Amino acid sequence: MSCESVLKKLTEDLLSRFDESVAAHLDECSDCRSCCEDLVELKYLVQSSSGKHRVPSEFESETLNRLAREKPSRFPSFRLVAVCATLLMVTVGIVYSWEDETGIEEDRGLFIAAQDLQFESDRFEIRPSAEAEFVEVVVEETPGNTLILRLPSVIEIRRTEVSEDYHIADVSH
Amino acid sequence: MQNSVVAQQVLSLGDNALVAAYLEGNEVAFEVLVQRYQNKLVNYINGITHDYDRSLDLCQDAFIRVFKNAHRYQGKYQFSTWLYRIATNLAIDELRRRERKGRFFFYNVMDLFQSGEPSVPLPDCRHCPEKKLDQKEKADRLEVAIGSLSEKYKLAFVLKEVQGLSYAETSRVLNISLGTVKSRIHRAKMLLREKLAGVL
Ligand SMILES: [Zn+2]
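First to last, the sequence lines map onto chains B and R. Mapping the first sequence onto my numbering, position 21 (from 1) lands on 19, and the numbers just tick up by one. Remember, my numbering sits 125 above the position in the second sequence when you count from 1.
So that you can see chain B by itself, here it is in the shape it has in the complex (with noise of 0.2 Å):
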């Protein structure tokens, strides 16, 4: 048995009871002895260590409180828009939502970058404007200071994997 088959089923699960091969190859490659020392020392490390965390005591009630303050989403759910801006100055705004296949919108926000304003939010609307090519974000920049960006949309982003970047289309109207 390889050094690398054997490491492969010592990282899978050091509890379960190895099977003859591993046993005999444990015997004979002090490296592989070795490793698995230290795969153990890992676990109990890990183990040991994990969870010191402990939310405030206020945590709870403030969650409550916010549940029942945020109503369910007011906002259509849209899949993926995006919408690049320019307006009088320099700005970009990203807009990115994504639902997974069970119809859970996961992620929503909004990004704004412009020459004095730099700001993130999720608590924005989508509206049509009177111009077909322009759609209207209404975006709370601070609590009670609401922003109104005149915006086309053109392009989307898609987000294909956790682990993967968010990708850029073209979705011309």
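Bear in mind the hints are in silico, worked out from the structure with no lab data behind them. Quick caveat, the model's predicted, so the values are computed rather than measured. Among these hints, one or two may not hold up.
[Unchecked claim] Far from chain B by the CB rule (all over 12 Å, computed), these chain R residues:
#, residue
1, Q133
2, Q134
3, L136
4, D140
5, E149
6, V283
7, A313
[Unchecked claim] In silico DSSO-like cross-links for lysine-lysine, where the CA-CA straight-line distance does not exceed 27 Å:
#, chain 1, residue 1, chain 2, residue 2
8, R, K193, B, K7
9, B, K41, R, K193
10, B, K50, R, K263
11, R, K165, R, K263
12, R, K277, R, K165
13, R, K193, B, K6
14, R, K261, B, K41
15, R, K165, B, K41
16, R, K263, R, K277
17, R, K277, R, K307
18, R, K307, B, K41
19, B, K50, R, K165
20, B, K41, R, K263
21, B, K6, R, K307
22, B, K50, R, K277
For glycine and all other residues, C-beta sits at the position ideal for the given N, C-alpha and C.
Given chain B, work out where chain R with the ligand should sit, using these hints.
Quick look at chain R with the ligand alone, frame taken from chain B:
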């Protein structure tokens, strides 16, 4: 009195039954789920973002998203899978937001130095027992080492080994195959062994 009887009954319900109870208007069910997962979840998010205060916010965001969308949850997954998945996405987005803003955090810097054969520069204490690290130092080194893993290894390792999810559940949370989960965890452990030479 009656309330506490109801609370006792709710406490014994499974996760999916609690979601169903919440949808029928039982607010206590939501509280129980928050209590059940809040510490686990904040540690999970902190393990990815390494920013405890921000982790509290993201943890709250995850609960809010879950419950605002509870009516769309069909029990196809376990509740925990769904919750971890949303938390994972929020944590990843947090990392990407930082990148966009050009902020550098410790582990990003570590990654920059570790493009080739990565190893955390830790002193080798194997042969100097008088300098043996205490448990607190070991835990800190572990946190730095996990933080310096690249995203894909870190997520798989933290879900399976730190949060105690099964291979199958980790695969569903990350939406990758079981084989990929296993190989990422294998690689993560081998990298951690290197990074923690002198600590283990
Ligand atoms: Zn060997």
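Hints, one by one, checked against the model:
For Q133/R, the requirement that its beta carbon stay farther than 12 Å from each beta carbon of chain B is met, with the minimum near 18 Å. Every beta carbon of chain B lies more than 12 Å from that of Q134/R, the smallest distance being close to 19 Å; the non-interface claim holds. Annotated as non-interface, L136/R keeps its C-beta farther than 12 Å from every C-beta of chain B; the closest such distance is 14 Å. No Cβ of chain B comes within 12 Å of the Cβ of D140/R; the nearest lies about 16 Å off, and the non-interface call holds.
No Cβ of chain B comes within 12 Å of the Cβ of E149/R; the nearest lies about 16 Å off, and the non-interface call holds. At the 12 Å boundary, the C-beta of V283/R falls inside the reach of chain B, the nearest C-beta of that chain being 9 Å off. Distance to chain B contradicts A313/R as a non-interface residue, since its nearest Cβ pair spans about 8 Å, not more than 12 Å. Pair hint K193/R plus K7/B does not hold up; C-alpha atoms about 42 Å apart against a cutoff of 27 Å.
Between K41/B and K193/R, the direct Cα distance comes to roughly 37 Å. Violation of the 27 Å bound is thereby established for this hinted pair. About 13 Å separates the Cα atoms of K50/B and K263/R, which keeps this hinted pair within 27 Å; it holds. Restraint check: the Cα-Cα separation between K165/R and K263/R comes to about 21 Å, which is no more than 27 Å; the hinted pair holds. A hinted pair counts as satisfied when its Cα atoms are at most 27 Å apart, and K277/R with K165/R qualifies at roughly 20 Å.
A hinted pair counts as satisfied when its Cα atoms are at most 27 Å apart, and K193/R with K6/B does not qualify at roughly 41 Å. A threshold of 27 Å between alpha carbons decides the hint, and for K261/R with K41/B the separation of about 16 Å falls inside it, so the pair holds. Straight-line distance between C-alpha atoms of K165/R and K41/B comes to about 18 Å, which keeps the hinted pair within the 27 Å bound. In summary, the hint linking K263/R to K277/R is supported, as the alpha carbons are separated by about 23 Å, within the 27 Å threshold.
Simply put, K277/R and K307/R have alpha-carbon atoms about 12 Å apart, close enough for the 27 Å limit, and the pair holds. As the CA atoms of K307/R and K41/B are separated by approximately 16 Å, the hinted pair is consistent with the 27 Å bound. Between the alpha carbons of K50/B and K165/R the distance comes to roughly 10 Å, so the proposed pair stays at or under 27 Å and holds. Between K41/B and K263/R, the direct Cα distance comes to roughly 13 Å. Compliance with the 27 Å bound is thereby established for this hinted pair.
Restraint check for K6/B and K307/R: satisfied, since their Cα atoms lie roughly 9 Å apart, inside the 27 Å limit. At most 27 Å may separate the alpha-carbon atoms for a hinted pair to count; K50/B and K277/R meet this at roughly 23 Å.
Hint compliance for this structure: hints 6, 7, 8, 9 and 13 are broken, all remaining hints hold.
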